[in-house]
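Participant: One-letter residues, chain by chain:
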Amino acid sequence: MALRDQFPILQREVNGHPLVYLDNAATTQKPQVVIDAMNAYYSESNANVHRAVHTLAGEATEGYESCRTKLKKRFNASKAIITSGTTEAINLVAHAWGRANLEKGDAIILTEMEHHSDIVPWQMLAEERGIELRYVPVTPHFTLDMDAFSHALEGAKLVCVVHTSNVLGVRNPLEEIIEASHKAGAKVLIDAAQGVPHSTVDFTRFGADFMAFSAHKMCGPTGIGALLVQPDAFEEMQPFMGGGDMIETVTTQGSTYQTNEHKFEAGTPRIAEAIGWSAALDWMETFDLDAEHTRLVNIASWVAEELRSMGMSVYGRHGEDDAAVVSFLHPTINSEDMAHLLDARGYAVRTGHHCAQPLLHRLGISGTVRASFYVYNTRQEAEGLVGELREIVEKFA
Amino acid sequence: MTYPEALQELVEEFQDVPDKRERLEMLFELAEEVLELPTEEWSDATRVRGCQSEAHVRVSIEDGLVNFLGAADAMVVQGLMGVLAIALHGLTPAQAVLIPVDFAEEMGLTNTLTPSRSNGFRNMYDKVMGEIRSGME
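Chain order of the listed sequences is U and Z. Using our numbering, read the first sequence as starting at 1 and increasing by one per residue. Using our numbering, read the second sequence as starting at 398 and increasing by one per residue.
Since the hints were made in silico from the structure, they are not lab data. All figures in this text were calculated on a predicted structure; none of them were measured in a lab. C-beta atoms are modelled at their ideal positions from N, C-alpha and C, and glycine is treated no differently. Hints should not be assumed to be uniformly reliable.
[To be verified] On the chain Z side, residues computed to face chain U include the following (Cβ under 7 Å):
| no. | residue |
| --- | --- |
| 1 | K417 |
| 2 | R418 |
| 3 | L421 |
| 4 | Q449 |
| 5 | S450 |
| 6 | A471 |
| 7 | M472 |
| 8 | V473 |
[As the list claims (entries may be wrong)] A few chain Z residues that don't get close to chain U, going by computed Cβ distances all over 12 Å:
| no. | residue |
| --- | --- |
| 9 | L424 |
| 10 | D441 |
| 11 | T443 |
| 12 | T507 |
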């Protein structure tokens, strides 16, 4: 079956027109195998994990842990903590590593390109602990100011940087950042929410200490994500949430904790979601992601050029390693109006600040329209989008 | 309840148009129906919070009737202000607060069930009705 045909939602109509889903940087659609896997779990194997000896508990445990096994294999990681998503993964680093290893006067480096989920947890920790936050500016070319980064590194304990911007689609020079940070004695956290759906990452070779991402941006379910951690950083993390499943023993005098990833997964975990993600990870192996990425970036680059020719401002550069994201603004047509007019013809795009207000502030704008492409999108859909936008500009500009 | 006559006519007019693009174009034309709140009078007090675009409203009671001014960056939002202005025209505060939020949804324009970041209309409706209620106290 053709890749696109495996997504039942793409068969539906919106406002009397075939759905053209271009909000993939927000969340991706799910192939039938993912939906089936979650249905099968609830229909046939629903039970809690890690505890009981009965058959269903064994099946549920195997299903849940298979997700972790596949994550470790796909990303060549020795530790994969399952979280509710990128946001919880970053908060986990702040609480479990940050609180145990950072103190008053220490510095954390962030960038102006970060999603709010990689800013706010650090602002909260900084306020609590008296930690200094240093922000690396974004240049007019939509890249990080690497000179400013080098200067900011002096004395920093942690560098938090987004793999690929959810607004610009720009992929940052992560290898250079990781190497320089480690030389300066700083640990590195990568927010890879927009990165790993578009490229495979060898986490061990990559060398970042922490990497956070979500399932739902790579055809998996919502409500689940992961934090990959290098072994030495893992040993420096203290438990954050207490409860069942994360303990070894509990007495009235105190508790001892698990030594593996379960130490950071208190309570009944996201079993159905893990099974769904496991199916999505298998599904991602059925096609050539690099080839798809090249195809999509070419489409995005073409769309960007067409929009510029219509007088739109396009924010991004669409290099070969960047994501297939086109953020744009028309000089006179309001972005919210644009999105409503597109929705009326079945096109789903995003508008607003995309949870990256510091970046938009740097760009001198309050929001953009964003079309983001994923593996099931076609050139024909992109051509349709450009045609609709041309019509909108002719009529409403 | 039934809507005021002018609003009822608008709702039916929109319901007769199956194409959403056409309905949006009709809505854009209604943007002129709201008395404009000049940008120099925009403030935190007039801002409709939670809107993606800038949207400002001011409500006062004059000669016992609701007086509504508004302005927004987005034609969609200002058009909805125009609909609300038509709905509120000539009403006392006691009559105005009885207008249910459902009309925008019945016109096939926007979901009105829950206020959220993407639902400026609901936030605007709640602010306007809140200010009318305050004016009644």
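Participant: A separate judgement is required for each hint: does it hold in the structure or not?
Facilitator: Comparing the hints with the structure gives:
This hint holds: Z/K417 has a C-beta 4 Å from the nearest C-beta of chain U, less than the 7 Å allowed. Hint status for Z/R418: holds, given a least beta-carbon distance of 4 Å to chain U, under 7 Å. Checking Z/L421 against chain U: minimum C-beta separation of about 6 Å stays under 7 Å; hint holds. For Z/Q449, the suggested interface contact is upheld, since its CB lies about 5 Å from the closest CB of chain U, less than 7 Å.
The beta carbon of Z/S450 comes within 5 Å of a beta carbon in chain U, closer than 7 Å, and the hint placing it at the interface holds. Against a cut-off of 7 Å between C-beta atoms, the interface hint on Z/A471 holds, since the closest Cβ of chain U lies about 4 Å away. Checking Z/M472 against chain U by beta carbon gives a least distance of about 5 Å; that is within 7 Å, so the hint holds. Restraint check, Z/V473 versus chain U: the minimum CB separation of about 5 Å is within 7 Å; hint holds.
With a minimum CB-CB distance of about 9 Å to chain U, Z/L424 fails to clear the 12 Å threshold, and the non-interface call is violated. No Cβ of chain U comes within 12 Å of the Cβ of Z/D441; the nearest lies about 16 Å off, and the non-interface call holds. Even its closest Cβ contact with chain U, about 17 Å, leaves Z/T443 beyond 12 Å, as expected for a residue assigned away from the interface. Not every CB of chain U is more than 12 Å from the CB of Z/T507 (nearest about 9 Å), against its label as outside the interface.
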